[in-house]
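Participant: First to last, the sequence lines map onto chains A and B.
Each step along the first sequence adds one to the number in our numbering, with nothing skipped, and position 88 is 74.
Each step along the second sequence adds one to the number in our numbering, with nothing skipped, and position 14 is 105.
Misleading hints may appear alongside valid ones.
What the hints assert, rightly or not - Here are the simulated distance ranges between beta carbons:
| # | chain 1 | residue 1 | chain 2 | residue 2 | range |
| --- | --- | --- | --- | --- | --- |
| 1 | B | Arg226 | A | Leu218 | 37 to 47 Å |
| 2 | B | Ile312 | A | Ile87 | 50 to 60 Å |
| 3 | A | Ile87 | B | Phe116 | 34 to 44 Å |
| 4 | B | Glu314 | A | Leu82 | 47 to 57 Å |
| 5 | A | Asp130 | B | Phe116 | 27 to 37 Å |
| 6 | B | Asp330 | A | Ser(-7) | 50 to 60 Å |
| 7 | B | Asn225 | A | Ala96 | 50 to 60 Å |
| 8 | B | Pro322 | A | Asp130 | 45 to 55 Å |
Unchecked claim - Lysine-lysine pairs mimicking DSBU-like chemistry, simulated, CA-CA at most 35 Å apart:
| # | chain 1 | residue 1 | chain 2 | residue 2 |
| --- | --- | --- | --- | --- |
| 9 | B | Lys180 | A | Lys156 |
| 10 | A | Lys156 | B | Lys282 |
| 11 | B | Lys180 | A | Lys150 |
| 12 | B | Lys180 | B | Lys337 |
| 13 | B | Lys221 | A | Lys156 |
| 14 | A | Lys150 | B | Lys282 |
| 15 | B | Lys224 | B | Lys281 |
| 16 | B | Lys224 | A | Lys171 |
| 17 | B | Lys224 | A | Lys150 |
| 18 | A | Lys156 | B | Lys213 |
| 19 | B | Lys300 | B | Lys282 |
| 20 | A | Lys156 | A | Lys171 |
Calculated directly from the structure, the hints in this document are not laboratory data.
Note that CB positions come from ideal geometry on N, CA and C, so glycine has one too.
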Amino acid sequence: MVGLKGSQIISLVLPAVIIWVLLIIWEVALQAFHIPKWLLPAPSEILRELYVEREMIASHALVTLYEILAGFSIAIIVGVGLALSIAYSRLIERSLYPFVIASQTIPIIAIAPLLLIWIGYGISPKIIVVALVAFFPIVVNMVDGLKNLDDDMVSMIRTFGASKWQIFCKIQIPSSIPSLFSGIKIAAAVSVIGAVIGEWVGSSQGLGYLMTRSIPQFETERVFASIFILSLMGIMLFLLVFLAERILLRSYYKSNQSSNS
Amino acid sequence: MIMPNPAKLRLTGISKSFHVDNQIFPVLENIALEVTEGQFVSVIGPSGCGKTTLLKCIAGLDEPTSGTIELDGNVIGSRLGLIGFMPQKDLLLPWRTVLDNAMLGLEVIGRDGDQYRQQAIKMMDIFGIKEFKNRYPDALSGGMRQRVAFLRTLLVDQQLFLLDEPFGALDAFTRGQMQEWLLTIWSTFKKTVILITHDVEEAILLSDKVYVLSHTPGRVILELDVKLDRPREYGVLTDPQFIDFKKTLIDALRAK
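Given these sequences and hints, build the entire structure.
Facilitator: Dropping the structure here:
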């Protein structure tokens, strides 16, 4: 890789080194203290489980991945739509924003079983749970971005005779995009949690279901294998958003850097 | 009966005060000011004399507490969109290329067709910024950014241009270059301009007429016609007449 600075190399190498050291300590300590597999499986046993049961785990993982992606997409669409209307109209803000906030004060673990009763046992209540936990950070961050605008920029465009709508489209929306991405990044992380909660309260497939089924049977290595896949999904989703942000907002970041220097 | 040509802009008895915590702070007091078509007028005064407030009132971003603002002899309800306003900061939008930044004003008034873009590119050539047209503002120096901001205002071709210390943030050398550049641009396009500045030399170099404002609340304490031949060049700074004007203005600013 050309152009990598010393600090960048450290930030790539350091986490990898730490993970390897921790894994080795974990592995060695378990064998040294004779800890049984059902209490805490060794990394090698988790890896073995992932390999031996790869087809079964993959089929559950695909269901969870589908729930996450569907719920996450809905959250982005609904979140951006809500944020735009809340920031544009004070009437909508007054009537909708309290409900947006109230929706987060109700514990999701209480809503999830109700969704089962109302919608059923299938995949859609899980998608709704994901969307429900993921839309909130998107709305809040984007509304902040839309409202936190440079008064001088607004004055400047008003002297051209710009309407409220033109100010909204040409100044407010573009300047809110970095905040929108902060919200989407948080949403990416919580949508994985949402999918697991949704499956936890009642399902017949998915990694959350696999975990609830494995715990009573003390198949701890299978629980760990599921956790491993789930965090991998979360990290990949986060990286995807991060990359999209870097590509889409290249000009924003360049100008931030130059104003900082 | 022959009516005299109405001034492009006439301010009569403009006062402005702000209310903060039940207290009244007068900022401008009984300002009278007149600019004729094609004239370059400067308003100079100590910092905090309400110069920017005055410009915002003229532009229609703010309204005076009392007094009238006439444009071509008419009092107009909303002046927004009629008067070009060039703020201190260049306020280029970081997410737009230089060309798209320059097009912003034209876009607002619905003139964003291809012929307008071509015209904008032609003007960028005159402004010396054509090579940057597809770059983002962060790639440009302060002086170049100001030129883009000028072009953005100029392309809309409003009736009057207000410049609020456009060179205040630039270093002395770039400022000199930009003043010279503005002289050329102004003599090419013959716009009516009001420039706010605290730089005495800049005011004399560029203007046909200079108004001196007092400390807060701002009042007009001197109105000076700068009778120097045009076209002017930077060399005029050492002209004895120029030095006389400079002395008059500095005395007025010191006298309060």
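Participant: Which numbered conditions among the earlier hints are violated in the structure presented, ordered from lowest to highest?
Facilitator: Hint check: nothing fails, all pass.
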